[in-house]
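Chains as they are written, first to last, in our numbering: chain A, 1 to 260; chain B, 1001 to 1268.
Incorrect hints may appear among the rest.
Below, simulated BS3-like cross-link-like pairs (lysine-lysine); rule was C-alpha separation at most 27 Å, straight line [claimed, not checked]: (1) A:Lys11 x B:Lys1116; (2) B:Lys1218 x B:Lys1116; (3) B:Lys1203 x B:Lys1216; (4) A:Lys37 x A:Lys74; (5) A:Lys225 x A:Lys113; (6) B:Lys1216 x A:Lys11.
FYI, nobody ran anything at the bench for these hints, they're computed from the structure.
Each chain, written out:
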Amino acid sequence: MNNDRREFLLKSARTVGLVCLSGLIWSAYVDELTASKLILRPPGALKEKDFLSTCIKCGLCVEACPFDTLKLAKPGDNKPLGTPFFNPRDIPCYMCIDIPCVPVCPTNALDEKLVSTNGKLDINSAQMGVAIVDSQSCIAFWGIQCDACYRACPILGQAITIEYEKNERTGKHSFMKPVVHTDVCTGCGLCERACVTQKASIFVLPREVALGKAGDYYVKGWDEKDQRRVKNAKEIKTTTKISKDKAIDSLNDMGDLLDD
Amino acid sequence: MILKNPYLILRRVSQISIMTLYILANIYGLTILQGNLSSSLIFGTIPLSDPLAVLQMIFAGALISTNIIVGASIITMFYFFIGGRVFCSWICPINLITDLSSFIRRKLRFDTIQKKQPASRNIRYWVLALSLILSTILGVSAFEFISPISMVHRGLVFGLGFGWAAILIIFLFDLFVLKNGWCGHICPLGGFYSLVGKYSFLKVTHNHIKCTECMKCKEVCHENQVLSMIGKESIPVLSGECTNCARCIEVCEDEALNFSIINRFAKK
């Protein structure tokens, strides 16, 4: 009897230990995978966190894509397993008007609402990512004539425009610099695919990685619409150690100066 | 009987043809069965979804769409009636790997060397609980991130990558470490379907008058704890852990085992 009880306790303890251990390893692995941010998702994808919890990894979007753009992450891709992504330098998104990958999604991880304007599917409103120009390696910035990305852009003249600039050194040639307008750019990657440099000098990054945010504090005073934003601004009060002291004390404090 | 093991052949046909339909859908756009085992579409309209994956999504706090609820309900109802683990033996691609393992095990007589299994078959329910707990904590469907079932199946349809490593690990684990290790002890999906199919209508039934206690059924069965009544009582295999693979029916030379439909509504 006593031995039975001992054995039972030992077995239970062993099971609990095993479960805890595997739980730890398991969650560490999932954490590691979900931390990778540099993944381009199909059009209409929810925010990454919601996307990961909603995507059932069925690959229906991959099957629906007529250009084989979308891939499902395989073991070894270092991306959350089985989730759809694309690599624009290999195959960009060709921005089908009917967006076949989105309505087929059974879980709404690809949400039709996010790629619709006025209730109609509109691929131009997709925000898969945003194109970034590396002006150091872009040969157009060097003064060599190239407008490959500009010509490849499906929203020609809106998502990428060309900025002309005179070459002060020669006084002759002009620079024709590509400029991405991040509010229009969908992140399809056709520009990245078209880029002529060895490694693309214009490339697509996820929007939350590539874009900054000015916040509601900074307002264009000359733009009436933009001025309304200031109402949303919340006061930020920073208190440091120094600001607790009186100003005169702070001026008389020689401590830091004398240390050196 | 002309064929010695008709059910085994039927099972392989079922496993391989379902796989082929998925692969054809991906390569040629055939719309009979699209997607993969996580979620699919029959003829581009009827949704089917893995109920455990959906359960994890609910635990992870995802917004669940109607399509996926319908899909998961269809699958759950189907397996509720014919036995949950019919999925394991008739559909799941991992079954091919683990069956190969246990076949080699039998041929090489590993089982006679290692008679006592060191691990509990209830581990799968622990893993099942753990997968739901981790889904809640991490906000993703946790088992789907490591599941070799969806990894292998998805891999065969969409490209395997390193997925062959998962196949190899399970094969070697079952062959050398633990008999029927993955499917019979660990897999939480098997555990989930054990619970779903516990009250199913289609069951293997034993007739102890015909039984000569040769124990061939127990030797070949992947879940031989469910065959505890062999040679003792004439009752159906009631445990949900039975996969309805019908191997026991085939190997029984005394016809003591057969499928039967149980009337669950009969008054006791």
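For each hint, the structure was consulted:
1. A:Lys11 x B:Lys1116: holds (15 Å)
2. B:Lys1218 x B:Lys1116: Distance of about 14 Å is within 27 Å: holds.
3. B:Lys1203 x B:Lys1216: holds (19 Å)
4. A:Lys37 x A:Lys74: holds (17 Å)
5. A:Lys225 x A:Lys113: Holds, at roughly 26 Å.
6. B:Lys1216 x A:Lys11: violated (31 Å)
Hint violations for this structure: number 6 only, all remaining hints satisfied.
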